[in-house]
Amino acid sequence: MTIEEYNQAVDDFSDGLYRFILKNIEDEEKAKDIIQDTYEKLWRRIETVTYEKVKSYLFTAAYHTMIDMIRKERRNTDIREQELERYSHNEQYTDLNEILNEALYRLPEVQRSVILLRDYEGYSYKEIAEITGLNESQVKVYIYRGRMFLKQYIGKIETIV
Amino acid sequence: MKITRKNYEVFFMDYLDRRLTPAVDAELKAFLRANPDLEKELKEFENIKVPAETTEFHFKEQLKKNIPTMSFINERNFEYFCIAKLEGDLDVAHQAVFDKYISKHPEKKKEFEIYLKTKLSVESILFQDKAMLKKPHIMFWNKYPLWYYISVAASVLIILSFTFMFVRDQMAKKGEVTSLIQNESQPDQPTITSEPGRTPVVAKIENRVLNESEDMKKSEIPGTMAPDDLINDSFEDVLQSSEAGNEIVKDGPVSIREDMEFLHRRELIGISNPVTGIHLSGVKGSLEKEREDDFLTLREAIGSKIRDGILREEQRPDKAINFTFLDLADASVRGINRITGSDMQLNRYYDEDGELTSFAFTSNVLSLYHEVKK
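Protein chains in written order, with the numbering used here: chain A, 1 to 161; chain B, 162 to 535.
Since the hints were derived computationally from the structure, they do not count as laboratory data.
One should not assume that every hint holds.
Lysine to aspartate or glutamate pairs mimicking DMTMM-like chemistry, simulated, CA-CA at most 25 Å apart [unchecked claim]:
no. : chain 1 : residue 1 : chain 2 : residue 2
1   : B       : Lys-295   : A       : Glu-47
2   : B       : Lys-278   : A       : Glu-98
3   : B       : Lys-271   : A       : Asp-119
4   : B       : Lys-280   : A       : Glu-5
5   : B       : Lys-291   : A       : Glu-5
6   : B       : Lys-291   : A       : Glu-102
7   : A       : Lys-140   : B       : Asp-198
8   : A       : Lys-156   : A       : Glu-26
9   : B       : Lys-295   : A       : Glu-98
10  : B       : Lys-291   : A       : Glu-28
11  : A       : Lys-156   : B       : Glu-268
12  : B       : Lys-291   : A       : Glu-136
Some chain A residues well away from chain B (every beta-carbon gap over 10 Å; in silico) [to be verified]:
no. : residue
13  : His-64
14  : Lys-72
15  : Gln-138
In this text, a Cβ means the ideal position worked out from N, Cα and C, and glycines have one as well.
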């Protein structure tokens, strides 16, 4: 990949990558750090990664960086649980997106990631499997479980509203 | 083919398959009568029969595809169908059945609509710091180590610096010499006298110098001829005249005798003096070829070789022969291009009179432009 293609990859994929990470961890600074880290990894491998594969490479690298970061933080304190506790008391929803986001944060990380990759980036099961290191069957199961949870959560909230 | 004990098996097989013609069949029977042992063998063959078997594949149902019906969807698998429909995993047949099912079950349709809402809509979230991620575009950055490019750039800059200084210095010298000649060559103080019938050689040379400065018109010098006519027609006469003791004043700024030798040398190889601008076109005769090499200076000879060998350039407007720093820079740039595969260029620009007016160095990462001050 040339330098021009690398810079083009910044223009083409950094938005989607940032959105994917931000929706997963809900922390702008950490999301930016992961994006920078991911593109630095790409820069170090610029001669081996082709432009056709760069999007997949970026999402794979970003996903694993994010998972590593989450696991590292979880050792110290269970931030996610604290955040979920905070969100669970906020039931003043104004539209479906808020409800959906709330439900999304309550999903296990892997289910959230596969649904975000599926819905935001339109990846196939096979591509999601490559990015997350799962097999296709696992991806299908996680998407199925995630959808089930989201549907139940939306249904419950709509009933309350 | 005659039936023998060596080939009878082929005829036996054809006989058993009933493919023998009547003539061959009759021949075979005659052969069997003559060979009773083989007749017995043939009868044994006739008794061998493989019974027909009825083999059945018992897993046909597993291979068959079910034709989906409404009864295919039930309370237990409805959610699976909803998600499969949402993910686009249903084939056409199952999708048709599912659509038919939810249209007949309004409560199930409502449930499916909730599933539809779980599809995340793409949010417009932009990464604002793209510039921070981008890398500056430097050609072949990864091809060679950094010191390589630094050394190449430094070499080019050094050569160009010398070129700038040298050209400026050369132009300054040219200005001094021209002004000196102009000052010393006043029309009312000729440095040479000419008698009627003799060619006024030095006056014409001075005239050529003055012409270059364009400060004095030809008509201001009495008894002059057109310079080219003078040079072409009478230079050999001039030499002969000077040898014969023509009156030459030696108290000028430059010795006329030395000047003549200088001009003669220039004339033999048909060049211009880059400082004075005096140009003498070729003298016809064998003398030119015989003495040409003797009058090339080392600098001129090197310049000529490098121009032919490295620069391979067509005739330039300035017609200079001396090898200048600009030529050295040009040769260096071409050499670096060959080594690195880059596309650096050193271009020279001339005015209508063939005078160098400016030159420019261009590359993918650096561009320099320099105007030559006159």
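Comparing the hints with the structure gives:
Of the pairs offered as hints, the one joining B/Lys-295 and A/Glu-47 holds, with about 16 Å between alpha carbons and a cut-off of 25 Å not exceeded. Taken as a hint, the B/Lys-278 and A/Glu-98 pair is honoured in the structure, with Cα atoms around 12 Å apart against an allowance of 25 Å. A distance of roughly 22 Å separates the Cα atoms of B/Lys-271 and A/Asp-119; the hinted pair therefore holds under the 25 Å criterion. Distance check on the hinted pair: B/Lys-280 and A/Glu-5 sit about 32 Å apart at the alpha-carbon level, beyond 25 Å; violated.
Taking the CA atoms of B/Lys-291 and A/Glu-5, the gap is about 14 Å. The hint holds against a cut of 25 Å. Taking the CA atoms of B/Lys-291 and A/Glu-102, the gap is about 29 Å. The hint is violated against a cut of 25 Å. For the given pair, A/Lys-140 sits about 76 Å from B/Asp-198 by alpha-carbon distance, which is inconsistent with the 25 Å threshold. About 24 Å separates the Cα atoms of A/Lys-156 and A/Glu-26, which keeps this hinted pair within 25 Å; it holds.
Annotation: proposed proximity of B/Lys-295 to A/Glu-98 is violated, straight-line Cα distance about 34 Å (limit 25 Å). A C-alpha spacing of about 15 Å is found between B/Lys-291 and A/Glu-28, which places the hinted pair at or below 25 Å, so the restraint holds. With a C-alpha separation of about 16 Å, the suggested pairing of A/Lys-156 with B/Glu-268 holds against the 25 Å cut-off. Distance check on the hinted pair: B/Lys-291 and A/Glu-136 sit about 33 Å apart at the alpha-carbon level, beyond 25 Å; violated.
Every beta carbon of chain B lies more than 10 Å from that of A/His-64, the smallest distance being close to 19 Å; the non-interface claim holds. Against the 10 Å criterion, A/Lys-72 stays outside the reach of chain B, whose nearest CB is about 23 Å from its own CB. Every CB of chain B lies more than 10 Å from the CB of A/Gln-138, the least distance being 15 Å, so the non-interface label holds.
Hint violations for this structure: numbers 4, 6, 7, 9 and 12, all remaining hints satisfied.
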